[in-house]
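Trainee: Listed below, chain by chain, are the residues.
There are 2 protein chains.
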Amino acid sequence: MQVLAFDADVRRAAALFLGRAAGVVGADCVFGRNDDRDAYSDALAFDPSLHAPAGAVAAETVEEIQALLRIANECGAPLWPISRGKNFGYGGSAPALRGTVVLDLSRMRRILEIDEKLGYCVVEPGVGFFDLYERLQEMGSPLWLSVPGNAWGSVAGNALERGAGPQPYGDHGAQICGLELVLPDGSLLRTGAGAMANSKTWNVARNAYGPGWDQIFCQSNFGVVTKLGLWLMPAPEATMTMQLSLPQADDLGRGVDMLYPLRQRGLIDHDPAWVSYVGIASFVGPRSQWYEGDGLLPEEIGRRIRSELGIGWWNAELNFYGPEPVIAAKVAVVKAALQHHFPQPLAHTVWRQGDPFANSKAGIPGTRDMTMIGWYGGRGGHIGFSPLLPANGALAGEQFQRTRRRYEAAGIDYYGAFAVGARTIVNINEILYDRDRPEMAKAVPALMSSLIADAAEAGYCEYRTHIEQMDAVAATFDFNDHAMRRLNGRLKDMLDPNGILAPGKQGIWPKRLRPR
Amino acid sequence: MQVLAFDADVRRAAALFLGRAAGVVGADCVFGRNDDRDAYSDALAFDPSLHAPAGAVAAETVEEIQALLRIANECGAPLWPISRGKNFGYGGSAPALRGTVVLDLSRMRRILEIDEKLGYCVVEPGVGFFDLYERLQEMGSPLWLSVPGNAWGSVAGNALERGAGPQPYGDHGAQICGLELVLPDGSLLRTGAGAMANSKTWNVARNAYGPGWDQIFCQSNFGVVTKLGLWLMPAPEATMTMQLSLPQADDLGRGVDMLYPLRQRGLIDHDPAWVSYVGIASFVGPRSQWYEGDGLLPEEIGRRIRSELGIGWWNAELNFYGPEPVIAAKVAVVKAALQHHFPQPLAHTVWRQGDPFANSKAGIPGTRDMTMIGWYGGRGGHIGFSPLLPANGALAGEQFQRTRRRYEAAGIDYYGAFAVGARTIVNINEILYDRDRPEMAKAVPALMSSLIADAAEAGYCEYRTHIEQMDAVAATFDFNDHAMRRLNGRLKDMLDPNGILAPGKQGIWPKRLRPR
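Order-wise, the sequence lines are chains A and B.
Quick note on this note's numbering: the first sequence kicks off at 1 and runs consecutively.
Quick note on this note's numbering: the second sequence kicks off at 1 and runs consecutively.
Next comes chain A alone, as it looks inside the complex (with noise of 0.2 angstroms):
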């Protein structure tokens, strides 16, 4: 609703914005046509001109982005910070309010900071995966990362918006230690033991004198982060791999339950993913060279798909990091505690330090998840539903059964990854469509919005969500009356009393644009 509210306004404050915004970062630096609209829009979602940005500027300094937030408070234009733009499934670098202009960070590429012994990096927004991953590569570092399925992002990025990868520092969002942030007034500030100057532990202790401020900067829209301190894993001696699949939809209940415990115990140290088998056949190839027909994936075609790719309706892999005989006593651990829910002798591979990388586990950053889009053909389309269920394998199988038939009924391929952990699972939905098949594109946002109000009715919040629903899921926060957000709102107003950061990010409005 704020996106035809307040349009003439937005549009009116970002033009002056964008006037003004030169002086600070050279025209060079301000991208105002047209084109540069498109660049800057979520080319995955429907219709991506119901969040079109004004356009961008790329800042590449902390005094330039304070310079920057003055401007935009004097002109009132509101500003979305993107780290390098690449949310995909929840709005890439596109802004929750039509006619915002992008605050491109993504040049702010400096890492600050490498600290082998004690596994942490600083790193300003701009850093890349790829980025961090070459530099511990060419120091020969003893530290891996963990990356995303998609690993084009920004490490900072990821992180704040919680994003997750298959390892065992794989919760990002809970590796952050330590932020440095200018607040919409433009001052600057340091979170946790770096709000001592010249503090030695900014980036290793969490659990400073005072309260917690880390993770109200994440998710959020009350502050642009620019050094982000994250923490990193020892590379481990050695991994051990098992692959599992389970043959039935129906499934999925008991490989829920068979995994979670193991996670509890600490016998697996990683949330292994049970993922669907249009998953990881979409990781293959396009649906075509299956099936040609349009319309669901028939039943037969998907037992073809399962048995040519030798996977089952649910695939999952687990991994142990540490030294040989440790994790060689886990997985026998393991074994012993799975090996009835499967027919064959449980197998398992191992990589030693030395060997050459086999796969992902390493945290190496790869972007084989982007091939999912192109599943239908076309120019592809890529959504995320991400509720948070209890590590319950009655409950998963029952939202399971509930998010299929809504997919079904929508005419869209189910397809659906749960990633067990200790008490909780993260049930990360990809809804694939062709963006040129209106019927299909259509479908979409009404399928959305039906699995986000049966989760809610279900008890279930998301974890994170599409710039298009971020009203809609705060919206199912209704604890008295809403109480979270309107405690969000009183602290967005406190910070940006002009209401020019991120507005209606995670459905945290200001003032001036709260719907009434």
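Don't read these hints as lab results, they were simulated from the structure.
Some clues are possibly wrong.
Treat identical chains as interchangeable: a pair holds within one or across any two.
[As the list claims (entries may be wrong)] The list that follows gives simulated cross-link-like pairs (lysine to aspartate or glutamate, DMTMM-like), each with its CA atoms no further than 20 angstroms apart:
{"no.": "1", "residue 1": "Lys-511", "residue 2": "Asp-493"}
{"no.": "2", "residue 1": "Lys-335", "residue 2": "Glu-324"}
{"no.": "3", "residue 1": "Lys-117", "residue 2": "Glu-398"}
{"no.": "4", "residue 1": "Lys-200", "residue 2": "Asp-481"}
{"no.": "5", "residue 1": "Lys-117", "residue 2": "Asp-257"}
{"no.": "6", "residue 1": "Lys-117", "residue 2": "Glu-237"}
{"no.": "7", "residue 1": "Lys-200", "residue 2": "Asp-478"}
{"no.": "8", "residue 1": "Lys-200", "residue 2": "Glu-398"}
{"no.": "9", "residue 1": "Lys-335", "residue 2": "Asp-257"}
{"no.": "10", "residue 1": "Lys-511", "residue 2": "Glu-74"}
{"no.": "11", "residue 1": "Lys-200", "residue 2": "Asp-257"}
Knowing the structure of chain A, use the given hints to seat chain B on it.
Mentor: Showing chain B alone in chain A's frame:
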């Protein structure tokens, strides 16, 4: 300074509040006599009168707390919420600001939920470690507590102050998942997934959509926590325990450097602490059993104590938790890594499910650590100095020597513990003294001030501090002219405009009481 400037105003407001509070909680839950004030003072501090409360009010329900906050807002009376008031070494139940009314929540003792499969509990603030332990025992529950050395206190209160135990879940603040609280305006809030009214993941999902507020309500004064979700550890199949000791004071550095890499690699699942020999001795009995003289413990007495107790200058216990083959493999790797530091072959003991419990590693609450306050005889005093260091042996050694010199100059036996984490050290220094020896008691505040100043100069902040030093520690966070203190103050003014909730806690003052 607040103590003096606002004394009269605060006293008047408190008297008014105490008069009206009986209408909410009944006269038998209002405590305003002199002996009540004594009971809620910090009897372990060098001058309890500096932080004497005006009295106390006990509340049993959320509604009573809401009504009391309304009255406090009307009267301008500051309230200091305590869970059970056992914050020993950091102020007990006493408020930062003299004349504040203690809001005693120790009657809120409901254990609202224990989920044995998902490993969490939901408790009210008055639930003690003993209460929770007994409930788990009654249930025959497969969950283990993590308990602090002295476990008289509140489960919720300890977690909110970021207390620690030597168990795998020993970073108690980090186990918090989901809070219910009454904000200073009397409104009710639930954090995280609990912000959804019918949430099924309130106490299991940390990464709910939007900014994370849990840690903002730790070590702060922004709300009264009425329910707290806490993760508990599944009981292991077995444990193995190794005792380590190092003979010389100078050995601390290598003690740290031998442990943190093992902790970082997950071969040790808890933060083992190197405890100086006076600490161990103070658990055994008063110093008079070894030495009757005044002044510092002579070197030869120190040697005799270590010899009699069979301990080193520094002493640590390593515990391993899990299936026996897994922890046996870990123990073997750890022994191989450490053996060259020790003249004797390292030994370990084994505990298996069904064996009688051996020690506090199993999360059995105890009060052994309270013995230490009798070290000097008389009315024992005790205050904690608790800086955070990077996990670095050389730096830990320097910090130890610096601290020890200050203790010795003050004529007090050095007692320090260095809990070695993967990336940090929590360095707990206990200042034990006899409150009946004036020259000793007088030395303590100056000692504390010099320790805080030394640490700040070296770049180390505290993780927690006594009410008497809360402003001094807050002042050490000086990045960008104390940007963090300003931010905390702004949030305080937003949430608590009348400045009624725990003024001065962690150095966060409301506007009306803020130092100029």
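Trainee: Determine for every hint whether it applies to the structure shown.
Mentor: We went through each hint and held it up to the structure:
no., hint, in the structure
1, Lys-511 - Asp-493, "both (6 angstroms within a copy, 18 angstroms between copies)"
2, Lys-335 - Glu-324, "both (16 angstroms within a copy, 15 angstroms between copies)"
3, Lys-117 - Glu-398, "between (45 angstroms within a copy, 19 angstroms between copies)"
4, Lys-200 - Asp-481, "between (43 angstroms within a copy, 18 angstroms between copies)"
5, Lys-117 - Asp-257, "between (37 angstroms within a copy, 10 angstroms between copies)"
6, Lys-117 - Glu-237, "within (16 angstroms within a copy, 32 angstroms between copies)"
7, Lys-200 - Asp-478, "between (42 angstroms within a copy, 13 angstroms between copies)"
8, Lys-200 - Glu-398, "between (49 angstroms within a copy, 14 angstroms between copies)"
9, Lys-335 - Asp-257, "within (15 angstroms within a copy, 35 angstroms between copies)"
10, Lys-511 - Glu-74, "within (16 angstroms within a copy, 28 angstroms between copies)"
11, Lys-200 - Asp-257, "between (43 angstroms within a copy, 17 angstroms between copies)"
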